[in-house]
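Asker: Numbering of the sequence shown is given in our numbering, commencing with residue 506 and proceeding in unit increments.
By construction, these hints were calculated from the structure, which means they are not laboratory data.
Treat the numbers as computed from the prediction; the structure is a model and nothing was measured.
Be a bit skeptical, because a hint or two may be false.
To be verified - Here are the in silico distance ranges between beta carbons for each label pair:
| id | residue 1 | residue 2 | range |
| --- | --- | --- | --- |
| 1 | Lys-511 | Ile-541 | 42 to 48 angstroms |
| 2 | Phe-527 | Cys-548 | 44 to 50 angstroms |
| 3 | Phe-533 | Gln-510 | 30 to 36 angstroms |
| 4 | Tyr-538 | Gln-510 | 38 to 44 angstroms |
| 5 | Ser-535 | Leu-513 | 38 to 44 angstroms |
| 6 | Gln-547 | Tyr-515 | 29 to 35 angstroms |
| 7 | Leu-522 | Ser-546 | 45 to 51 angstroms |
| 8 | Val-544 | Gln-510 | 49 to 55 angstroms |
Stated by the list, open to error - Calculated lysine-lysine pairs in the DSS-like style (CA-CA distance at most 30 angstroms, straight line):
| id | residue 1 | residue 2 |
| --- | --- | --- |
| 9 | Lys-543 | Lys-526 |
| 10 | Lys-543 | Lys-517 |
| 11 | Lys-543 | Lys-519 |
| 12 | Lys-519 | Lys-508 |
Backbone N, C-alpha and C fix where the C-beta goes; we use that ideal spot for every residue, glycine too.
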Amino acid sequence: MQKTQKPLLYFKTKVALTVAKFYIHFSFQSANYHMINKVASQCS
Numbered sequence: 506m507q508k509t510q511k512p513l514l515y516f517k518t519k520v521a522l523t524v525a526k527f528y529i530h531f532s533f534q535s536a537n538y539h540m541i542n543k544v545a546s547q548c549s
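Throw the hints in and build the complete structure from the sequences for me.
Answerer: As structure tokens, this is what we get:
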């Protein structure tokens, strides 16, 4: 039982970290995009 549970936990952790990395990257991209838009609209 423990033998099958360990890789599953490792896999879940790996997936969670990957999802978190993509999510953080996406939110930063999105925030930067909005900031650039705000600055651009103020300059014009």
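Asker: For every hint, state whether the structure bears it out.
Answerer: Do the hints match the structure? See the list:
For the pair Lys-511 and Ile-541, the beta carbons lie near 45 angstroms from each other, so the given range of 42 to 48 angstroms is met. In this structure the supplied range 44 to 50 angstroms is violated for Phe-527 paired with Cys-548, their Cβ-Cβ distance being about 32 angstroms. In this structure the hint that Phe-533 and Gln-510 lie 30 to 36 angstroms apart at CB holds, the actual value being about 35 angstroms. The beta-carbon spacing between Tyr-538 and Gln-510, approximately 42 angstroms, falls within the hinted interval of 38 to 44 angstroms.
Under the hint 38 to 44 angstroms, the C-beta atoms of Ser-535 and Leu-513, about 32 angstroms apart, miss the expected range. At roughly 48 angstroms, the beta carbons of Gln-547 and Tyr-515 sit outside the given window of 29 to 35 angstroms. One distance hint, 45 to 51 angstroms for the beta-carbon pair Leu-522 and Ser-546, is violated here, with the actual separation near 36 angstroms. A hinted range of 49 to 55 angstroms holds for the C-beta pair Val-544 and Gln-510, which are about 51 angstroms apart.
Distance hint between Lys-543 and Lys-526 is fulfilled; the C-alpha atoms sit about 26 angstroms from each other, no more than 30 angstroms. The straight-line distance between the Cα atoms of Lys-543 and Lys-517 is roughly 39 angstroms, outside the 30 angstroms bound, and the hint therefore fails. Annotation: proposed proximity of Lys-543 to Lys-519 is violated, straight-line Cα distance about 36 angstroms (limit 30 angstroms). Taking the CA atoms of Lys-519 and Lys-508, the gap is about 18 angstroms. The hint holds against a cut of 30 angstroms.
Of the hints listed earlier, those the structure fails to meet are numbers 2, 5, 6, 7, 10 and 11, in rising order.
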